[in-house]
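Keeping their order, the protein sequence lines are chains A and B. Quick note, in my numbering, the first sequence goes up one by one and the last residue is 281. Quick note, in my numbering, the second sequence goes up one by one and the last residue is 93.
In short, the hints are calculated from the structure, not lab data. If you're wondering where the values come from, they're calculated on a predicted model, not measured in any experiment. A few of these clues could be false.
[Stated by the list, open to error] Each pair of labels, with its calculated beta carbon distance range: (1) B:N16 with A:H59: 46 to 56 Å; (2) B:T76 with A:P280: 20 to 30 Å; (3) B:S17 with A:H115: 30 to 40 Å.
Where a beta carbon is used, it is the ideal one built from N, C-alpha and C, also for glycine.
What follows is each chain in one-letter form.
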Amino acid sequence: MVEKQYLLSSKQMAEFVARGFLRFDELVPDEINRDVMRGIDQQNIKGHRSGTPLSECYHGTPIRQLLDLPQIQGLIQSLVGEDPLFDHDAIHVREPNEGKAQGLHADSIIDCRTHFDIQLMYFPHDVPLEMGGTLLLPGSHFRRVNESDVAAYQNMRGQIPMVCKAGSVLALHHGIWHCGRQNQTDRRRYMYKLRLNPVVRQMRLWNDDDLDDDYREAKAIHSAFPMGDDVQGILARREPWFEAASGRLEIVNRIKLWRFLTGDEEFDVHYWLGRLENMPA
Amino acid sequence: MASTLRQQVLTLYLQNSALDSNVVGWSIYDGTGKDAHTTGDSDEAPYETGLDALRDGWRLIQQPVLIPPYPGEEYTTSFMKYGFLFEKLEDVS
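Looking at chain B on its own, in the form it has when it is part of the complex:
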């Protein structure tokens, strides 16, 4: 019998490597099909901090690994460094 559990995925980009620091960016993908999120669809962050997401039932499944800057690239900026990945499982039956 096919599973009726569907994954919702939330990535919160935080101000630093601490889970309780402030959210500066976010992305949401909803496997239940109830919501469809896309680029630039909200100016309101879903949570103030990463910890707030935990308190609301999101399960942390990946946190960023701290990698020292490559020699010569110490002052270069690129991707967001502190993306925390969360999930919820929802029964769609």
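If we strip away everything but chain A, and leave its shape as in the complex, we get:
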């Protein structure tokens, strides 16, 4: 069990629920980054059978050192519990001077579960813009699509190219749309990905000490809300690519996931669900 200080906060969890990812820049020390790069070059980073408890994986390797970092332990524990299952890993390679990018996609196949897997993406070397970086579409994780069905979408407002320093890590909801951007340098680009499945009910696994009595209080519609930085405000923020009408449904999707994660079946944002749940006798 990791110390409480390394668990995610409720605001970070709300960010994850709203946007489908969390980003941690330069989290991993250079020594581990160098060891992982050496492991990639020597092709000795090996995965495990799907369904293996993560605690049994990677012993004696730099990936274990990475996973043992308290910040990594904290985010894993907060999102999918203390000892999730290893699903699969992959070293993603973008070759130098590629002709095109990968098409936008969600990994695996269409997945309608409320509970979620996470994918850790770890960038062991610097990724400048011309090298591409993984492209993310924030807030796309609730969209029900099957893998590369969405490859026709080349650019969306608010998309994020993962331009970062070595040692940066993304934690993604399994449904997030993403792709490998074109690498226009003469160097190979690497990204290590690890998918994890929860084995415990994902309820208040993070440090929820910051959820005070007021955080869920109903607020007046058309007030300064929803621009606040509190949990309701974070869950109400729209992404630039949201269509006007579907963007409202995305807020409902977030409310439902927040209810699932907190066990609070009456939590609401902007009265979107409360209005529908009002059943006059």
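We have chain A already, so just place chain B on it with the hints.
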């Protein structure tokens, strides 16, 4: 004699079903071979609205059909709903 006309295709994903609403996503395929567009190659939309594309000479060849939500799926989100397809023809001779 083979045609020297080549098609350029632009899809604009708009904020709602109105052609003059704002662009939220876009894709471009260029049959002339002059440009090669790919995923994540631009953060700047080519036009602010679909109407702006018309004013710049693009011909609208398909607009989205409005389909009511399937019963039970009223709150489900999936693909972009308002993709407008445009073309230009260019002589490459």
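Going through the hints against the structure:
Restraint check, B:N16 to A:H59: a C-beta distance of roughly 54 Å satisfies the suggested window 46 to 56 Å. About 27 Å separates the C-beta atoms of B:T76 and A:P280, a value consistent with the hinted range of 20 to 30 Å. For the hinted restraint 30 to 40 Å between B:S17 and A:H115, the CB-CB distance of approximately 34 Å keeps it satisfied.
Hint compliance for this structure: no hint is broken.
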